[in-house]
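Student: Starting from the known structure of chain Y, arrange chain G on it as the hints suggest.
Letter by letter, the chains look like this.
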Amino acid sequence: MTTNRDKRYKRSVHNRVLLLMLLAGVLLLLVSIVLSITYGAKQVELTDVISALFGKKQTTYNVNVVRARIPRTVFGILAGAALSMSGVLMQSITRNPIADPSILGVNTGASLFVVIGISLFHIQSKPVYMLLAFAGALVTAFFVYRIASFGYGGVTPIKLALAGAAVSTALSSMVSALVMPDTSVMTTFRFWQVGSIGGADFEDIRLLLSPMLLGFVLCFFLATKLNTLALGDETACALGLNVNRIRGIAALIGVLLCACTTALAGPIGFIGLMIPHLIRSFIGDNHEVLLPMSALYGSGVLILSDLIGRILGSPGELESGVMTALIGVPCFVFIIRKAEVQSIG
Amino acid sequence: MNNKVLKAEKVVAGYRDKEILHGVNVTVPRGKISVILGSNGSGKSTLLKTFCRLLQPSSGSIKLGEQSLSHIPTRQIAQNIGLLPQSTTVPEGIKVSELVSRGRFPYRKLMAPLNAKDYEVVEEVMKFMGILELSDARINQLSGGQRQRVFIALALAQQTDILFLDEPTTYLDISYQVEILELLKKLNEERGTTIVMVLHDINLSSRYADHIFAMKNGNLMYQGAPEKIITQEVIREIYGLESFIIEDPVSHSPFVIPKAAAV
Chain Y
1 MTTNRDKRYK RSVHNRVLLL MLLAGVLLLL VSIVLSITYG AKQVELTDVI
51 SALFGKKQTT YNVNVVRARI PRTVFGILAG AALSMSGVLM QSITRNPIAD
101 PSILGVNTGA SLFVVIGISL FHIQSKPVYM LLAFAGALVT AFFVYRIASF
151 GYGGVTPIKL ALAGAAVSTA LSSMVSALVM PDTSVMTTFR FWQVGSIGGA
201 DFEDIRLLLS PMLLGFVLCF FLATKLNTLA LGDETACALG LNVNRIRGIA
251 ALIGVLLCAC TTALAGPIGF IGLMIPHLIR SFIGDNHEVL LPMSALYGSG
301 VLILSDLIGR ILGSPGELES GVMTALIGVP CFVFIIRKAE VQSIG
Chain G
1 MNNKVLKAEK VVAGYRDKEI LHGVNVTVPR GKISVILGSN GSGKSTLLKT
51 FCRLLQPSSG SIKLGEQSLS HIPTRQIAQN IGLLPQSTTV PEGIKVSELV
101 SRGRFPYRKL MAPLNAKDYE VVEEVMKFMG ILELSDARIN QLSGGQRQRV
151 FIALALAQQT DILFLDEPTT YLDISYQVEI LELLKKLNEE RGTTIVMVLH
201 DINLSSRYAD HIFAMKNGNL MYQGAPEKII TQEVIREIYG LESFIIEDPV
251 SHSPFVIPKA AAV
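Top line first, the protein sequences correspond to chains Y and G.
Per the numbering used here, the first sequence runs over residues 1 to 345.
Per the numbering used here, the second sequence runs over residues 1 to 263.
Keep in mind that the hints were calculated from the coordinates and are not lab data.
Since the structure is predicted, the reported quantities are computational estimates derived from the model, not experimental observations.
Check before you lean on any hint, since a few could be wrong.
Claimed, not checked - Chain G is faced by these chain Y residues, among others (derived, beta-carbon under 8 Å): (1) Phe150; (2) Tyr152; (3) Thr224; (4) Leu231; (5) Gly232; (6) Leu239; (7) Asn242; (8) Asn244; (9) Arg280; (10) Ser281; (11) Asp285; (12) Asn286.
Said to hold, decoys possible - Which bits of chain G does chain Y cover? Going by a derived footprint, with three or more residues having C-beta under 8 Å, they are: (13) 74-81; (14) 100-110.
Backbone N, C-alpha and C fix where the C-beta goes; we use that ideal spot for every residue, glycine too.
The following block holds chain Y by itself, in its conformation from the complex (with noise of 0.2 Å):
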């Protein structure tokens, strides 16, 4: 009786955390989508808010100024979701903990088929971009992929990570070789590189809604078999997995999420890498919880990034792609500090 009732204590106190954690995210969340939609280059008052969300009619300057935040807030939730479980997926088949969306080399990928956009065919429409860049991150990936498969034992997590730096690197050369010579070029692909979540607006956000909900859906079909995948490749297989098939299937997956994110935002770093790092060294290696935790997280820490980038640059505003990097290093290297300590205690 006193094991079953230590047991459930011990049950409750894990799902205490587990709950903790979640409403925290729930709170993170909400307060930075209100503070997203208040806050910013230009002060609004707060009736400003009130009737740009609530009141039809009126459009006055401020209203308006409220309303053009929405799109990016409702992107930025997204976005911040799709890179964190895109994160968690690629750690996971990678089986590195520092790998990150990008690993299959899907926003070189991108960067490439914009830059050859810009500099070769002269383009300067946003929705061909977003084609561009989607295009390059899935063929980039899928080489990628297809290189990693070759040789004895298929696709293996230590090849998935050195086809995709050795590809990155090519790619990225490639990149400034195009880049570097015209002016005009790097002028139009610098804005588009530095990762911003500020030029969504609905009509892009519903191109990219249903790839993304898919997406999303498919992570949580994934989970279980993940967590068996994460017992190395022999016992997996040994519990009935198949785990090329699997890690196939999660790698497509992720690279749809980080594509959708970076077709329209351009490469944004660091939030893929850290939050399901963070996530894991709190609730361990669970992807049942860790995939929902993540993008939970993903989506508050992004919009907060956004607004502090909006807040600091003023008049103009910092990318978000720069603010998640000047918040996510810190954080990085105390996560890695902590993780010495455990390691050494």
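Tutor: Just chain G, lined up with the frame of chain Y:
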């Protein structure tokens, strides 16, 4: 599914274009502890991996009952054949009970949480392996022997009639080696689980095995009870080693005292 015989028929297998097993016929004795012996590179691990479908035979087949493994859904195989591989990966920051519960994977339905039966099995196998009081510990806090018991519990949670173990005692102190082998013996005696393992230690094999497969250069050379296999002649042929054979004072099985390797 019960009482199906697992056998390898003329299995040829290997890595890339290097053939390691050259047509091996093995019938796994049901309800017994079998040990595969052989020197490094003899193909004993390869044979075990082929049995556990980590490797596909390039010709021949592994059959469970009348069916070839390649025709049975992988989940169904996972409910019949368990494996403790030589090296295991520990997911970060999870509890012992959580790790053991992942052995329930072959029985889980899509998106469904662990059910009452799963919890019951997990608790029962942890009790059997003597790790129930560790259920809330983290894996990295455990000793080598405890860790190995956790991973055997994971394989037991799979509830299979047949369990393969690839060098389960490597890297363990002698006391832990004996502890693990005693637990496996208990598993075999109390539940009739068929156990097949690769071991390096001939004397422990001789003590715990009911049946020994002796391999050399990718072929099965001899098989039978330890008394029949652990002889000066066989040891010389399999390992190229001159030896004396005495009787193990504890188990009365043959015990090998090596002289020097034949050069």
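Student: For every hint, state whether the structure bears it out.
Tutor: Tested hints:
no.: 1; hint: Phe150; result: violated, 12 Å
no.: 2; hint: Tyr152; result: holds, 5 Å
no.: 3; hint: Thr224; result: holds, 6 Å
no.: 4; hint: Leu231; result: holds, 6 Å
no.: 5; hint: Gly232; result: holds, 4 Å
no.: 6; hint: Leu239; result: holds, 4 Å
no.: 7; hint: Asn242; result: holds, 6 Å
no.: 8; hint: Asn244; result: violated, 12 Å
no.: 9; hint: Arg280; result: holds, 6 Å
no.: 10; hint: Ser281; result: holds, 7 Å
no.: 11; hint: Asp285; result: holds, 4 Å
no.: 12; hint: Asn286; result: holds, 6 Å
no.: 13; hint: 74-81; result: holds (count 7)
no.: 14; hint: 100-110; result: holds (count 6)
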